Amino acid sequence: MQTSWVPFVPPSASTLSGKVDALYFYLSGVTIFFTLLISGILIFFVIKYRRRNPYEIPRPVAGSLKLETLWSVIPFIIAMTMFAWGAQIFFEQSRPPSNAVEVYVIGKQWMWKIQHSTGQREINELHVPVGRKIKLVMGTEDVIHDFFIPAFRIKADVVPGRYTTLWFEATKAGRYHLFCAEYCGMNHSGMIGSIVAMEPKDFDDWLSGSSSQQSPAVAGQQIYETLGCVSCHGPKGEGGRGPALAGLFGKQVFLTNGQSVKADEGYIRESILNPQAKLVAGFGNIMPTFQGQVSEDQLIQILAFIKSPQMQGPEPSTAASPVPAAFVAPTAAATPAPRR
Amino acid sequence: MSEHIVPVRVYVSIFLALIVGTTLTVWAAFQDFPGPLNVIVAMTIAVVKATLVVLYFMHVRYSARLIWVIVASALFWMGILFALTFSDYLTRGWM
Amino acid sequence: METFVPPVPSRINYINAQYGLKSWLLTKDHKRIALLYLGSISFFFFIGGLYAMAIRLELLTPQADLLQSTTYNKVFTQHGIIMVFFFLIPSIPATLGNFLVPMMIGAKDLAFPRINLLSWYIYMLGGIVTIYALLAGGVDTGWTFYTPFSTTFSNSYVVATGLGIFINGFSSILTGLNFIVTIHTMRAPGMTWFRLPLFIWAHYATSLIMILGTPVIAITILLLAFERLAHIGIFDPAVGGDPVLFQHLFWFYSHPAVYIMVLPGMGIISELIANFSRKNIFGYSFVAFSSLAIAVFGFLVWGHHLFVASQSVYAGMIFSFLSFAVAIPSAIKVFNWTATLYKGSISYDTPMLYALGFIGLFTIGGMTGLFLAALAVDVHLSDTYFVVAHFHYIMVGGTLLAYLGGLHFWWPKITGRMYPEGWGRFSALVVFIGFNLTFLPQFVLGYMGMPRRYHVYPAEFQVLHVLSTAGASILGVGLLIPLIYLMWSMRYGKVASGNPWHLPGLEWRTQSPPPTENFDYTPVVTWEAYEFAPPEEMEVVGKFRDEVAEKV
Amino acid sequence: MAETYVEHEVSHPALQHHFENLEQQREAGTLGMWVFLVTEIMFFGGMFLAYTLYRSKYPEAFAIASNHLDIKLGAINTAVLIFSSFTMAMAVYSTQVGKRRAQIISLVLTIVLGLAFLGIKAVEYYQKYEDHLIPGSLIPGNPFNPDPHAMHLTPGVSMQHVQMFYWIYFAMTGMHALHMIIGVGLLSVLLYFSLKRRYTPEYHNPVEVIGLYWHFVDIVWIFLFPLLYLLGRHLGGHAG
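Residue numbers (the numbering used here), protein chains in the order written: chain P, 23 to 362; chain G, 2 to 96; chain R, 7 to 558; chain H, -9 to 230.
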């Protein structure tokens, strides 16, 4: 396992980890400073003003508004720098870049099931290329888990009934810890694994070396057909009695109640399991719920299918990227206007 | 502090007002008001009814300021529970 | 300043006023109820402590040797449940608070003595139900009971444990209710709000949290139990519920609950700092109002437990901001305590050593809380040992130290005997060293990425775990010493006068131990809080009890 | 400055030993009940929160489920409870002015109305039982299994979300009914002591305090009625 040369700090191996460390060191500095300051003053006073005879009564002191203001305002200002700094990095942490490669993660007691967009499946191990943005779309089959990579300074709960996402860009090749950080039952401490960050060339070798299975998008298409989604949404997602799915992903959708919502992973999931919740304007409440009829795996595959270039239109490949087109999430420019 | 005795006629009129409020809210429930107005009407009537009970049946109108503070703080904390929980649920779709 | 000279000396006190088991089990005297609580709380602390030792021993090695996963999960869950609900939350309010709130404001008892006794019985009933659950097979959900694990997947005694906590909650509510009403309506003539000792302000703020927060956890646990029993669900995603709603409701209580634990401790520290430096507290009204501010702000920050729990980014920012805001009133307290020492007359008695330890450890505990309020850093630290270390600094370094300090301080008042001073100072030092050795390494472990609730861990974390376990053994010894000498002193300790520390507080203006109605006459307060008089004047107060003692 | 001591007044038999006088005792009692009611508000608050969240998440399922409640019985019960609140207020009033007969009649009426409310509620619960609308396996032999046609279920609506409504309905009305039962018990104690001439214009704090509790329970229902029975009524138009 990769270790850090700085004692007591985990290896720093993502684009975010340095930023988090910087804030951490700032916080540690302030903490140590104030702890030493207060204990120093405390010890000084305790020695200097020790009781010298049992009859002394020191003169009472009235408070000082000036001092009170001072030691309310200064900590407040320091606290606000921490808040702003923390929030700024957090914003970056929680917004996956649009050109990230997607990897699907499903947690179950007590293992991590991982599938790449190209079809490779892994358990408790995730191979990623260095220098490429990776977005994890995560669900769970049972309880809450938490995908935690200390070396990348990121974690996120995996919550039943919805998707959560994480993103990172590894900067150093190596093997890093993967922990489940939300207590999930008996074998919680065994729900660990490793993240293997590889140079892009090595990663491509690994990709071609490992047996590729049916990609999630293709599997999703089959489910799309067998569940009969075709009859309303059309074989190519062109729509019909139900709204069009082609070109839908990432767009604003207008709803019957006058509001609009972004068609992200969560929205698509909800629309399959609880279709009445956010009805698209102009369509009736005719879709049955699929709650209990599709597994988490299948849901993710349907999602992958809806997000695939086949449904969303081809992606103008970013020139230098060796990523197959199937990896790349659609961007706004490449897809047709949303259907109202 | 001697306690305030509320005259019977006040109790009777509050009682009648409450019955009227109940009738009104049942009637309003079957009217198709535009937008979220049905909810607003129903809730407004409920709040008015509750306020009448609190002020007159429970004598808060004639009570010490402390009681007012207690009632207000209960509502305030309910407000905290709702507002901050919904600060999560209502902003989930924003990213 | 005039001193209080009771006109009719009487040797009858609350302990020897009546004899027999029945006179204790049916007592309505707040002081006796406080002792009932003291006994039962110590019992639960002992059980929780045993679990803690089991945890630390298992973590000596990276493998599972002492405990297997199923057992370990139960052990840390039960450690948490016992310590939080049956020790920390009732600890100071139900014992010292119960004993002192009426005495400090010059009342004969709490406003509702029968409800006070009832609250102890409810506490015991909740405790018995919980102990039953532990003996029957235990519970393995973590003290947080996160759904859907607790509702659907756990095979342990979740409902029975939940019932125990639910019942226990009412004891907390009734104690809080009693304090609020007592402080509002039972103050002695002349005891205005700004003459109240800060201990009272802290208990008032604590009581607010008890009555406003506890009902929410009660209904939440009730709903959880029904979900588990009948497979229906507000929190169960399988039927359209939302597990995050559970977390919101749970932390709406459980974050303020931290302030239930630490606010009374802060009250004790204010007393100790002022009394052992013979100085009026610096910035009395700031310290008093910061207690209320903490009680109010404490309710606005619960979402910082949900930063990585799929809460919305914007809610995360709001909660982060508010969490930083709650740090300010705590900082104000620390600065005011420090300033109180300036030009004081500081003695080094055991309670003062605990108070000084508290300020240092609470500073560390509070400042490390800022790490967890800072969004980006919390993403890395949440659910790691950093969190474990942080809250132990608040709850052990804060609450437990304050509790021990307070217990020593008022021990002569409670029992009429002094504790052995030398042993007291020695054990305070042992506790301080053992505590730091236990929990400082855990901050480091946390940043290195060691997750909570793991009993098997990668080998590189072992060194720090060994250090922590070593510290825990020292801490354990340090806590056993007072247990022994305090029991010893009840019989063999030096007889204490009514006012052994020569202090102005109302609780010292009566004999030790006090009579059943606390004061022979309702006192009239004509002095401000912490108005110190020369010891020779104060001794007059104490003499009364000394004279009585001589006659024995 | 001389120390002074406050002497006890000549004490009333109902004055407890630790209070200085009846006024202080009364103040403490009333304040205690108000503080207790605050805890009650927070207790129900948790459930109101869950209701609000899921109503906004599953509006149609909630409207469909709500339309299946018996609005007539609900409205009658609201009137019954308001009337009982009125008689309770009258009980306090007649105690304050020392009209003992009126006091006893008011208390009896309040108890009877409270029981009537509980009876009507029981009828409603029984209807739900017959329609298999009791959520989950709360009643072991009769799990939640309503007829979708009788419910007028639309295709996009999951029966699970209808169940969610009924779970909230039973949790809230059940908790409310439990408070009513406790209230009737407390009123019976009051009645017993009233018959023993315990309460006078000087000392009647228990009547006042239990009155506060009773009005609070009424207020909870004032909110439950529109939230559970009325909202969404205009969409379906199908009652009961």
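A portion of the hints provided could be inaccurate.
To be verified - Some but not every residue of chain R turned toward chain H, in silico, with C-beta under 7 Å:
1) Asp115
2) Ala117
3) Arg120
4) Leu183
5) Thr191
6) Pro221
7) Val222
8) Val245
No lab work stands behind these hints, which were simulated from the structure alone. Please read these numbers as outputs of a predicted model, since none were measured by experiment. Ideal placement from N, C-alpha and C gives every residue a C-beta, glycine not left out.
Here is how each hint holds up against the structure:
Taken as an interface hint, aspartate 115 of chain R checks out: its beta carbon lies about 4 Å from the nearest beta carbon of chain H, inside 7 Å. Satisfaction of the interface hint for alanine 117 of chain R is found here, the shortest Cβ-Cβ separation to chain H being roughly 4 Å, below the 7 Å cut-off. Proximity of arginine 120 of chain R to chain H is violated relative to the hint, the smallest CB-CB distance being about 9 Å (cut-off 7 Å). Taking 7 Å as the C-beta cut-off, the interface hint given for leucine 183 of chain R holds, the closest approach to chain H being about 5 Å.
Annotation: threonine 191 of chain R was flagged as interfacial toward chain H, and the flag holds, the nearest CB pair being 4 Å apart, inside 7 Å. With its C-beta approaching chain H no nearer than about 4 Å, proline 221 of chain R sits inside the 7 Å limit, and its interface hint holds. Interface restraint check: valine 222 of chain R against chain H, minimum CB-CB distance 5 Å, threshold 7 Å, status holds. Because the closest C-beta pair between valine 245 of chain R and chain H is about 4 Å apart, less than 7 Å, the hint holds.
Checked against the numbered hints above, the structure violates only hint 3.
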